[in-house]
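Quick mapping for you: the protein sequence lines, in order, are chains A and W.
Everything in the first sequence is counted per my numbering, starting at 1 for the first residue and increasing by one.
Everything in the second sequence is counted per my numbering, starting at 1 for the first residue and increasing by one.
FYI, nobody ran anything at the bench for these hints, they're computed from the structure.
Since this is a predicted model, take the numbers as computed values, not measurements.
The C-beta atom is built at its ideal place from N, Cα and C for all residues, glycine as well.
Fair warning: there could be bad hints in the mix.
Cβ-Cβ distance ranges computed for the label pairs, FRET-style [to be verified]: (1) W:Ser156 to A:Glu275: 52 to 62 Å; (2) A:Glu455 to W:Asp148: 52 to 62 Å; (3) A:Glu509 to W:Ser2: 17 to 27 Å; (4) W:Ser2 to A:Asp472: 41 to 51 Å; (5) W:Glu121 to A:Gln570: 46 to 56 Å; (6) W:Lys72 to A:Glu455: 50 to 60 Å; (7) W:Arg61 to A:Pro623: 26 to 36 Å; (8) W:Lys72 to A:Glu509: 35 to 45 Å; (9) W:Ser2 to A:Ala299: 38 to 48 Å; (10) A:Glu509 to W:Gly112: 16 to 26 Å; (11) A:Glu173 to W:Asp114: 55 to 65 Å.
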Amino acid sequence: MARINSPEELEQFRQSLLSQRDPNKPLISICAGAGCLASGANEVMAAFKAEIEKQGLNAEVDAKGTGCPGFCERGPLLVIYPEEICYLQVKPEDVPEIVSQTIKEKKIVDRLLYVNPSTGEKATRESDIPFYKNQERNLIGVNIKIDPKSIDDYLAIGGYSALSKALFQMSPEEVLGEVKKSNLRGRGGGGFPAGRKWEGSRNAPEPIKYVIVNADEGDPGAFMDRALLEGNPHSILEGLIIGAYAIGAQEGYIYVRQEYPLAVININLAIKQAEEYGFLGKNILGSNFECKVLVHQGAGAFVCGESTALMTALEGRAGEPRPKYIRSNIVGLWGRPSVLNNVETWANVPLIINKGADWFTQYGTESSKGTKIFSLVGKITNTGLVEVPMGIPLKDIIYKIGGGIPGGKKFKAVQTGGPSGGCIPESLLNLEVGFDELTKAGSMMGSGGMIVMDEENCMVDVARYFLNFLTDESCGKCVPCREGIRQMLKILTNITQGKGREGDIELLETLSETAIEAALCALGKSAPNPFLSTLKYFREEYEAHIKEKRCPALSCKELIAYVIDPEKCQACMICQRKCPAQAIDGGKNRIHIVEQEKCTKCGTCFEVCPPRFGAVRKISGEPVPPPISEEARTIVRESKKK
Amino acid sequence: MSEILFEIDGKEVKATDGMTILEVARKAGIHIPTLCYDEKLEPYGACRLCIVEVESRGWTRLAVACVYPAEKNIIVRTRSEKVDRIRKTIIELLLAHAPDAFDLLDLAKEYGADRNRFEKEPSFCIHCGLCVRYCAEVKKKNAVGFVDRGTRREISFVPEIASKECWNCKECFPLCPTEALQAAYVLVEALAFPHTAFEK
Chain A
1 MARINSPEEL EQFRQSLLSQ RDPNKPLISI CAGAGCLASG ANEVMAAFKA
51 EIEKQGLNAE VDAKGTGCPG FCERGPLLVI YPEEICYLQV KPEDVPEIVS
101 QTIKEKKIVD RLLYVNPSTG EKATRESDIP FYKNQERNLI GVNIKIDPKS
151 IDDYLAIGGY SALSKALFQM SPEEVLGEVK KSNLRGRGGG GFPAGRKWEG
201 SRNAPEPIKY VIVNADEGDP GAFMDRALLE GNPHSILEGL IIGAYAIGAQ
251 EGYIYVRQEY PLAVININLA IKQAEEYGFL GKNILGSNFE CKVLVHQGAG
301 AFVCGESTAL MTALEGRAGE PRPKYIRSNI VGLWGRPSVL NNVETWANVP
351 LIINKGADWF TQYGTESSKG TKIFSLVGKI TNTGLVEVPM GIPLKDIIYK
401 IGGGIPGGKK FKAVQTGGPS GGCIPESLLN LEVGFDELTK AGSMMGSGGM
451 IVMDEENCMV DVARYFLNFL TDESCGKCVP CREGIRQMLK ILTNITQGKG
501 REGDIELLET LSETAIEAAL CALGKSAPNP FLSTLKYFRE EYEAHIKEKR
551 CPALSCKELI AYVIDPEKCQ ACMICQRKCP AQAIDGGKNR IHIVEQEKCT
601 KCGTCFEVCP PRFGAVRKIS GEPVPPPISE EARTIVRESK KK
Chain W
1 MSEILFEIDG KEVKATDGMT ILEVARKAGI HIPTLCYDEK LEPYGACRLC
51 IVEVESRGWT RLAVACVYPA EKNIIVRTRS EKVDRIRKTI IELLLAHAPD
101 AFDLLDLAKE YGADRNRFEK EPSFCIHCGL CVRYCAEVKK KNAVGFVDRG
151 TRREISFVPE IASKECWNCK ECFPLCPTEA LQAAYVLVEA LAFPHTAFEK
């Protein structure tokens, strides 16, 4: 491929690409994101290749692996164009039928369609599925249309036109002005206005400046940046080059965690392709602007998502935060002005340049504009990535898009903002999603993790879980974080084990204050959030654990017991056989009893007891009823009486 | 160099560009407690004991004096109810590791800290990093460093370097606020080089 040397050449090349592509030729887009690959997308893809070959359709149909569209719950999934037919949970065995039916005969394979669980209705097209229908997929929507390994695919959907526009129709100040006007706020957690950050760097006197992509996504259960970087790497690269132009940088870094191997491959490939096409390097598109981009792989530390720790790690030292009374956009990487933005923030930049700030600000609330991708996980019917306009009520995300709580269970809370975010209770489900709105509710936007919890989740245990994560991930430099959250974890663990004492809540509050006020970086300052927000909304659970040694969610192992109701037990011996600890005493026609001293509280008996009996139950905070007498244990069956 | 005027505890103080609040306070004879600070070393900001209240344009916030740059017209308060409460908690957290360290016990007396507030895990080291940074910044030897992170973090001598350098130096010993370093060194020495240790 020869370099593209001007905006005109870029448009000519794009037109020639489009003219080679027949929009009516069937195209099978198979999600090749990490989620679908894990559930077998590679095998499905291989099956398509083989089947197309076998049926001699090589010239009539295209098949390609694409980025992740977000509906990970139902992977491997694919979309067949031009009809936009969406098949879910496709197995290699389904492939011959798809090829002969849908591709050749234009018939739908009914059983692979989405079925609405509440109405039983089937959805043929991707856009008819409620999970997608209620989203606003400005960023992630194109993922399924492009092969992330093909720069031509990105160009075909208008890629690098924003870069061309910025370089030839706008001054750096105008680019900056547009981003400022859009009020794009950082998608990585802080929510700092990107335009203001850029402006600070641009105005800093030091001539050498840097732009950096923070792709060190480390929140448990969050994978939106992975999907963007894996699925549409050029969009991030394009945003980064535009940012470099706006602030006057000539060097960019992509700090990506090593645990994202596919993202690392795809972004490296994208950089190589962009260099070949002349979107990177010297004299980009003949504009005299030059920029190079390098990839740095992180070594797996959560704290390196913190801006100063990330920069310290980029410099080749241990990833520890440094005090930041002077912002890193003024004194950052190697002491120079550095604009660090999250993957999703950068991905928004080409859209803002192409479509304008006014287009961007039509979505959102007063203070939070645009769309936001959330990774919706936990006790939710539709697990996956959802992109919604800011300002959407939480309950719409959980019910309309997420499909509610599975198994008829009751919603309890949604945890947002990653490990140092907070839990939002049912009473606040009408809350509009936005940076300030979530912070006011005691949680935060964070990078967009959203973990749904139901009635079986113990909120004290949830706080303990996140504190445990943070204790592990603290860098250990400052006392309030290293020592403070270590003690918080100890106290919370004691409470969940029934060893809570009067005064524990107050001590936790003191430690929280110390961490919030005195910790060095955002990790430590926000570490008490899981405790504080659960205390705020679920104080009664803390008190039940401490005062009554009772776990209201019946979840904390040390505080519960499994018992068999003698009235309901039919002596079917299922639980007795399945119990891995041989803790169930029973036998044919002998009502079963759980021997508490042997029980490991694994819950197997509870799960296997047939629902029509429902004889096993969990109790907490009350004594285990004494076993019934030997005589009363024998069941005399009606049928056997005669 | 321009002169920066501001106030600490009601006293007008003068600073030059690049000075921190702590440096200015020390020069003016105002005491702010520290554990990880040493004037020969780069400010580190880890123990957080030097936390103070900084009022700037009507806004009050907490900042650590050892890294906060002196600024025109700010008002610094080195003691307040909140500052004292946080210092007390920090001291109590550290006493769990070094319950008999003299420096900590003195601070505990001043701030009313309870030596037994948290369950003891005597590791002696409070991770101030003075030894690590002194060896790196002043001696430029890197014979002692941190290993691991978070609550598993420890100081450790690098045997290859320590066996050559430490014997005749030991300049980091007196810096250690809990005297843990000497104990660690003697222990490591005894385990790693039993013969030389006995010959001494």
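Hint check:
no., hint, verdict
1, W:Ser156 to A:Glu275: 52 to 62 Å, "violated (43 Å)"
2, A:Glu455 to W:Asp148: 52 to 62 Å, "violated (39 Å)"
3, A:Glu509 to W:Ser2: 17 to 27 Å, "violated (43 Å)"
4, W:Ser2 to A:Asp472: 41 to 51 Å, "holds (46 Å)"
5, W:Glu121 to A:Gln570: 46 to 56 Å, "holds (52 Å)"
6, W:Lys72 to A:Glu455: 50 to 60 Å, "holds (57 Å)"
7, W:Arg61 to A:Pro623: 26 to 36 Å, "violated (52 Å)"
8, W:Lys72 to A:Glu509: 35 to 45 Å, "holds (36 Å)"
9, W:Ser2 to A:Ala299: 38 to 48 Å, "holds (42 Å)"
10, A:Glu509 to W:Gly112: 16 to 26 Å, "holds (18 Å)"
11, A:Glu173 to W:Asp114: 55 to 65 Å, "holds (58 Å)"
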